[in-house]
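Quick note: the sequence shown uses the numbering used here, first residue 7, plus one each step.
Because the hints were derived from the structure by calculation, they are not lab data.
Treat the hints with care, since some could be wrong.
As the list claims (entries may be wrong) - Here are the computed lysine to any residue pairs in the SDA-like style, where the Cα-Cα straight-line distance is at most 20 Å:
1. 32 - 7
2. 32 - 13
3. 32 - 9
4. 32 - 78
5. 32 - 8
6. 32 - 57
7. 32 - 49
8. 32 - 12
9. 32 - 19
10. 32 - 58
11. 32 - 53
12. 32 - 77
Claimed, not checked - Now the in silico label distances, taken between C-beta atoms and shown as ranges:
13. 7 - 39: 17 to 25 Å
14. 49 - 70: 15 to 23 Å
15. 16 - 75: 12 to 20 Å
Glycine is no exception: its CB is placed at the ideal position from the N, C-alpha and C atoms.
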Amino acid sequence: MRELLRTNDIVMVSAVGALLDGANIKHLLLDANMSILEGSAGAIPRRILVHENDDAAARRLLTEAGLGHELRDGN
């Protein structure tokens with residue numbers, strides 16, 4: 007799995023999830039329930055991961071959607 011995005015913006019998480027779903031790119035959302043531990047402060051960013059075989063397609067999709075600046079380093 008490769009980290010595609012890390013953000014505290016739940017609207018961004020939802021939008022990226024919808025884009026990936028629309029393109030049939032499976033993804034995993036990590037840290038979505040951490041607000042229970044952090045007290046809903048939004049201090050712990052949510053992470054979206056994709057399979058390494060889908061990484062290039064997912065990055066291309068988000069770049070074409072104008073969200074390339076939100077992408078994590080491709081390492």
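Here's how the hints hold up against the structure:
1. Between residue 32 and residue 7 the alpha-carbon distance is near 11 Å, which keeps this suggested pair within the 20 Å criterion.
2. Among the hinted pairs, residue 32 with residue 13 is consistent with the structure: their alpha-carbon atoms are about 19 Å apart, no more than 20 Å.
3. Only pairs whose Cα atoms come within 20 Å are accepted, and residue 32 paired with residue 9 is accepted, the gap being roughly 13 Å.
4. A distance of roughly 18 Å separates the Cα atoms of residue 32 and residue 78; the hinted pair therefore holds under the 20 Å criterion.
5. Taking the CA atoms of residue 32 and residue 8, the gap is about 12 Å. The hint holds against a cut of 20 Å.
6. For the hint linking residue 32 to residue 57, the alpha-carbon distance of about 7 Å falls within 20 Å, and the restraint holds.
7. At most 20 Å may separate the alpha-carbon atoms for a hinted pair to count; residue 32 and residue 49 exceed this at roughly 26 Å.
8. Between residue 32 and residue 12 the CA atoms are separated by roughly 17 Å; this keeps the pair inside 20 Å, and the hint holds.
9. Using a Cα cut-off of 20 Å, the hinted pair residue 32 and residue 19 holds, with the two alpha carbons roughly 14 Å apart.
10. About 11 Å separates the Cα atoms of residue 32 and residue 58, which keeps this hinted pair within 20 Å; it holds.
11. Distance restraint check for residue 32 and residue 53: the Cα-Cα separation of roughly 14 Å lies within the 20 Å cut-off, and the hinted pair is therefore satisfied.
12. A hinted pair counts as satisfied when its Cα atoms are at most 20 Å apart, and residue 32 with residue 77 qualifies at roughly 17 Å.
13. Between residue 7 and residue 39 the beta carbons are some 18 Å apart, a value that agrees with the proposed interval 17 to 25 Å.
14. For residue 49 and residue 70, the hinted distance range of 15 to 23 Å is not satisfied, since their beta carbons lie about 31 Å from each other.
15. The hint said 12 to 20 Å for the Cβ distance between residue 16 and residue 75, and at roughly 18 Å that hint holds.
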